[in-house]
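Asker: Here are the chains, one letter per residue:
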Amino acid sequence: MDWLGQLARIFLDTLGDVIPIAGILFGFQILVLRRRIPHLGRVLLGFLLVLLGLTFFLMGLEQALFPLGKVMAAQLTDPHFLGIDVEAIGDGIAEHWYEFYWVYLFAFAIGFATTVAEPSLIAVAIKARDVSGGVITVWGLRVAVAIGVAIGISVGTYRIVTGTPLHWYIITGYVVVVIQTLFAPRSIIALAYDSGGVTTSTVTVPLVAALGLGLASSVPGRNPMLDGFGLIAFASLFPIMSVMGYAQIGALIDKRRKSTQMKKRET
Amino acid sequence: MDSARDLAPIVIVVLVFQLGVLRQPVPNVLELLGGTLMVMIGLSLFVEGLKLGLFPIGENMAYDFARKGSLWWLLLFAFALGFGTTVAEPALIAVAAEAAEVARQGGMIENSNEAGERYATGLRFTVAVSVGFAIVLGVFRIIKGWPVQYLIIAGYIGVVIMTAFAPPEIIGIAYDSGGVTTSTITVPLVTALGVGLASSISGRNPMVDGFGLIAFASLTPMIFVMGYGMVL
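Protein sequence lines, in the order shown, are assigned to chains E and H. Mapping to our numbering: the first sequence position 137 is 137, numbers consecutive. Mapping to our numbering: the second sequence position 134 is 134, numbers consecutive.
The reader is advised that the hints may include incorrect statements.
Now the stretches of chain E that chain H is said to cover, found in silico as 3 or more residues with beta-carbon under 8 Å [what the hints assert, rightly or not]:
no., stretch
1, 13-22
2, 113-122
3, 125-131
4, 254-264
For the record, the hints were derived by calculation from the structure and aren't laboratory data. Even glycine gets a Cβ: it sits at the ideal position worked out from N, Cα and C.
Just need the whole structure built from these sequences, with the hints factored in.
Answerer: Below, the structure is given as structure tokens:
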């Protein structure tokens, strides 16, 4: 019965998310556009499926993956597990940053894995494939974004361990993004910027937040309230770079292939 | 079956770290299996629902607005969509509550529950207004065909300038608030709206011009939240 109660609660929460959106959509459709929605039945069925899908999705995450993932994040960031003598090191913890290697590895792995399963990224990837006529594949974009998030969260945990200011990393990231923008193919730029925002929602945020809080409370001199934040910012910045990188590498390979074909034809 | 492939990495990571690194047995194997199965079913239903419901209605409304030719209604719709989907977003409510706690501990506001709640509500509305503004700006950009990078770079400069003046306690929260605003239902709708607009206005390329709305929605909250931290 407890199980059903939880399902009902998640369903109502999701319904609370969907209703304002549906209200705005149908309100404008009826009052402003005054046009009938084509295939109204199918659209409503779609909304119902989205509602049910998200309910099951969140329920499953809360039942199984989140509790285990959060416990793991807490255990992995425990200095005792890492074999680090926090008392003896004291303030010099930043010089011992490499001893947290399990944390960086876990951050990388969990960042990659949760991003691949992120529903809003799937949505954008489907749209990108349709619009690009298949040049961008759903799987290719998702893996490119996931690698970006993985690197971003690893760098973010390194920052928490060393206690260096967040804004220097972010500003440096901006500079790299601006330079990449100058050289990236024009058609990828908007999509790359978008992929920064879609990576962090339902699946990634709770696990990453647990990792950040766990780490900030176990490293001496870090305040979980202040230093626990910031991982999400990394996870939204690095995919921009990795997606532009993905397009740049793709364009490079394409160019090389074309030039070798040209040479073959010449000979 | 696609969703089995989507979830495989999480399951592998959890198992490898649990068994191989932490060297502990997996607790409640049955619950874990059941939960994973539910996540898979949920993901499949969601993707089906996207194709049937969210994508078509987002694109259709974009076409209809373009045909109607009323810029003001379109911009009002853009604002309503951005504001309305953000203000009730659970992730944002959670972040706002944490931010109020930080502000109380840091002595930025009076250390009472009432002041904390007022701060959290103010922050939520700030973020929601900033997302509404972002979608309006993004839609306007699609209509005008401005290159997305100029606006984004201008936004970055805005973030850097604000960082220099904002109280240090708010910076981490402000940077994070950019990432949490866009929910799983908003993203497909807004993407479909952008792509639909770009394909129904002549001279716009859906690939070059259609994307970018989400990018604005993750950038403006950073600037607005730091502004909120400065004013209070």
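Asker: Each of the hints needs a verdict: does it hold here or not?
Answerer: Here's how the hints hold up against the structure:
no.: 1; hint: 13-22; result: holds (count 6)
no.: 2; hint: 113-122; result: holds (count 7)
no.: 3; hint: 125-131; result: holds (count 4)
no.: 4; hint: 254-264; result: violated (count 0)
When each numbered hint is compared with the structure, a violation occurs for hint 4 only.
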